[in-house]
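> Here are the chains, one letter per residue:
Number of protein chains: 2
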Amino acid sequence: MAANILIVEDESSILELISLNLHQAGFNPIRAISAEYADNLVKETLPDLIVLDWMLPGMNGIEFAKRLRANSTTKLIPIIMLTAKGDEDNKLEGLTVGDDYLTKPFSPRELVARIKALLRRRSPELVNDPIIVESLVLDPSSHKVQINNKIISIGPTEFKILHFFMKNSDRVYSRNKILDKIWGNKSEIDDRTVDVHIKRLRGSLKQSGYDKLIQTVRGAGYRFSKELE
Amino acid sequence: MAANILIVEDESSILELISLNLHQAGFNPIRAISAEYADNLVKETLPDLIVLDWMLPGMNGIEFAKRLRANSTTKLIPIIMLTAKGDEDNKLEGLTVGDDYLTKPFSPRELVARIKALLRRRSPELVNDPIIVESLVLDPSSHKVQINNKIISIGPTEFKILHFFMKNSDRVYSRNKILDKIWGNKSEIDDRTVDVHIKRLRGSLKQSGYDKLIQTVRGAGYRFSKELE
DNA sequence: ATATAAATGTCATATAAATGTCATATAAAT
DNA sequence: ATTTATATGACATTTATATGACATTTATAT
Numbered sequence: 002m003a004a005n006i007l008i009v010e011d012e013s014s015i016l017e018l019i020s021l022n023l024h025q026a027g028f029n030p031i032r033a034i035s036a037e038y039a040d041n042l043v044k045e046t047l048p049d050l051i052v053l054d055w056m057l058p059g060m061n062g063i064e065f066a067k068r069l070r071a072n073s074t075t076k077l078i079p080i081i082m083l084t085a086k087g088d089e090d091n092k093l094e095g096l097t098v099g100d101d102y103l104t105k106p107f108s109p110r111e112l113v114a115r116i117k118a119l120l121r122r123r124s125p126e127l128v129n130d131p132i133i134v135e136s137l138v139l140d141p142s143s144h145k146v147q148i149n150n151k152i153i154s155i156g157p158t159e160f161k162i163l164h165f166f167m168k169n170s171d172r173v174y175s176r177n178k179i180l181d182k183i184w185g186n187k188s189e190i191d192d193r194t195v196d197v198h199i200k201r202l203r204g205s206l207k208q209s210g211y212d213k214l215i216q217t218v219r220g221a222g223y224r225f226s227k228e229l230e
Numbered sequence: 002m003a004a005n006i007l008i009v010e011d012e013s014s015i016l017e018l019i020s021l022n023l024h025q026a027g028f029n030p031i032r033a034i035s036a037e038y039a040d041n042l043v044k045e046t047l048p049d050l051i052v053l054d055w056m057l058p059g060m061n062g063i064e065f066a067k068r069l070r071a072n073s074t075t076k077l078i079p080i081i082m083l084t085a086k087g088d089e090d091n092k093l094e095g096l097t098v099g100d101d102y103l104t105k106p107f108s109p110r111e112l113v114a115r116i117k118a119l120l121r122r123r124s125p126e127l128v129n130d131p132i133i134v135e136s137l138v139l140d141p142s143s144h145k146v147q148i149n150n151k152i153i154s155i156g157p158t159e160f161k162i163l164h165f166f167m168k169n170s171d172r173v174y175s176r177n178k179i180l181d182k183i184w185g186n187k188s189e190i191d192d193r194t195v196d197v198h199i200k201r202l203r204g205s206l207k208q209s210g211y212d213k214l215i216q217t218v219r220g221a222g223y224r225f226s227k228e229l230e
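Protein chains in written order, with this note's numbering: chain A, 2 to 230; chain B, 2 to 230.
Hints may be right or wrong, so weigh each one.
Because identical chains cannot be distinguished in the list, a pair is counted as satisfied if it fits within a single copy or across any two copies.
[Claimed, not checked] Here are the simulated lysine-lysine pairs, BS3-like style, with alpha carbons at most 30 Å apart:
no., residue 1, residue 2
1, K44, K117
2, K145, K161
3, K117, K145
4, K227, K151
5, K213, K145
6, K168, K200
7, K67, K117
8, K168, K187
9, K182, K200
10, K76, K168
11, K200, K161
12, K151, K168
13, K145, K182
14, K161, K182
15, K161, K227
16, K213, K178
17, K207, K182
18, K105, K76
The set of hints was computed from the structure by calculation and includes no laboratory data. The structure presented is a predicted model; accordingly, all values stated were derived computationally and were not measured.
Start from the sequences and build out the full structure, keeping to the hints where you can.
See the structure below:
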């Protein structure tokens with residue numbers, strides 16, 4: 002289940018940019034264009050992390066952050082402050098109030114990295130850390146698959162399938178479910194195509210014997226599991 | 002078959018957020034922005050569970066909950082109430098009317114956990130939990146059957162029969178009833194075929210002695226039961 | 001922009017597993 | 001002892017999955 006990240010930012014273009022990037026990184030972005038609006042949202046549902054712009058119309062970022070810190074139910078939510086270039090002297094205050102800060106302009110990649118770092122501390126299960134099964138390692142962020150510390154080459158679709166399977170192991174998925182999850186629900190693609198990609202994926206894993214992890218469940222679909230039958 | 006969860010919440014952003022999180026958790030969220038609107042939806046869809054905001058414009062949550070309880074077709078639907086922080090004194094009433102409650106602000110993750118817990122209690126058939134009889138375990142989601150922690154291989158039809166029997170144990174089913182349940186009611190298949198599949202299923206269970214669980218009731222059909230005769 | 005390589009989806013075919021029926025053996029009921 | 005119901009092994013057939021080849025699309029390098 003993806004982490005819910007509240008973004009508080011008054012410039013809509015930046016808000017959208019961040020939102021898009023977080024979505025691509027696998028998070029659920031929640032948008033707020035002001036501290037007041039964000040406050041209402043936080044009163045209802047607790048986000049897992051807050052990205053908070055320093056300068057906001059109305060209540061500013063630091064004020065909002067302090068309010069969050071003052072409330073026992075919200076005080077533990079990690080906050081990343083976004084500060085403008087000029088506010089060098091305010092950085093200290095930003096860092097003391099928030100858990101981390103970034104100076105504008107910042108790279109979305111950097112923001113995602115910082116978010117992951119903070120989330121990792123408090124809720125490691127929400128972060129896209131490498132998934133490890135014995136000596137098979139799939140690293141979503143670097144898009145690499147290793148077996149015995151050796152990188153194996155694998156096609157994009159095969160990567161997605163393996164990723165999906167490793168995240169959702171020990172469960173059968175029908176070909177149609179897999180088509181939905183990997184290709185998207187609009188896809189007009191033939192069921193049998195899944196077979197072919199499974200074949201290719203198994204081919205990539207074969208050398209190490211890990212192709213056994215991808216199991217055919219006759220009449221039901223495929224399953225990724227350590228436990229062999 | 003995902004559980005249908007009706008969410009009644011007037012703030013659209015919260016409604017969307019909850020909806021998104023439930024969807025990610027594998028549920029089928031149904032949105033309603035008022036009790037009046039929800040009332041119609043309940044009649045149409047008979048949801049498996051309702052997440053109900055306490056404070057609503059028009060008819061409030063508790064009133065709506067009471068109406069649901071008064072109606073025989075809806076009285077058993079589990080309800081999770083969402084209460085505002087201040088309403089400490091109302092909690093008791095909320096808990097008595099609903100089956101569980103959460104105080105705002107709550108984390109979506111917590112909500113999902115509560116929903117699962119309630120569903121497991123009230124409609125275990127929706128939760129696809131493993132079915133366990135002594136050391137025989139059938140896991141519908143992974144499509145595996147274990148005996149003494151060892152996976153046994155079993156054909157699709159045998160799996161369906163065993164699943165059906167474990168869900169409906171201690172009851173005799175005629176061959177025709179079994180044909181209906183497993184093959185579908187259109188089937189033109191011979192009664193005796195059931196015998197053969199029962200034979201095969203027993204064969205798979207034999208090693209462990211669990212074939213004894215599948216009992217022949219002469220003149221009536223078959224029965225799955227722990228109690229040996 | 002063009003050349004080159006990689007990836008994709010489909011098909012036909014090969015292989016394997018599962019199925020349903022039957023004939024016969026065995027056990028239970030009368 | 002005879003009738004009736006169920007168990008079982010064998011088998012031909014059907015159905016599902018695996019696989020190799022190929023034309024086409026898409027991405028990457030030049």
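> All hints, please: hold or fail.
Quick rundown of the hints versus the structure:
1. K44 with K117: Classified as both; 23 Å inside a copy, 24 Å across copies.
2. K145 with K161: For K145 and K161, both the intra-copy (11 Å) and inter-copy (24 Å) Cα distances are at most 30 Å.
3. K117 with K145: within (18 Å within a copy, 34 Å between copies)
4. K227 with K151: both (20 Å within a copy, 13 Å between copies)
5. K213 with K145: both (20 Å within a copy, 15 Å between copies)
6. K168 with K200: within (20 Å within a copy, 35 Å between copies)
7. K67 with K117: Answer is within: at 23 Å inside a copy they meet the 30 Å cutoff, but 35 Å across does not.
8. K168 with K187: within (22 Å within a copy, 35 Å between copies)
9. K182 with K200: within (18 Å within a copy, 34 Å between copies)
10. K76 with K168: within (25 Å within a copy, 38 Å between copies)
11. K200 with K161: Classified as both: same-chain Cα gap 14 Å, cross-chain 27 Å, threshold 30 Å.
12. K151 with K168: Classified as both: same-chain Cα gap 21 Å, cross-chain 23 Å, threshold 30 Å.
13. K145 with K182: Intra 20 Å, inter 22 Å, cutoff 30 Å: intra and inter.
14. K161 with K182: Answer is both; intra-copy 9 Å and inter-copy 26 Å each pass.
15. K161 with K227: both (19 Å within a copy, 23 Å between copies)
16. K213 with K178: within (21 Å within a copy, 36 Å between copies)
17. K207 with K182: For K207 and K182, the Cα distance is within 30 Å only inside one copy (24 Å; across copies 39 Å).
18. K105 with K76: both (25 Å within a copy, 15 Å between copies)
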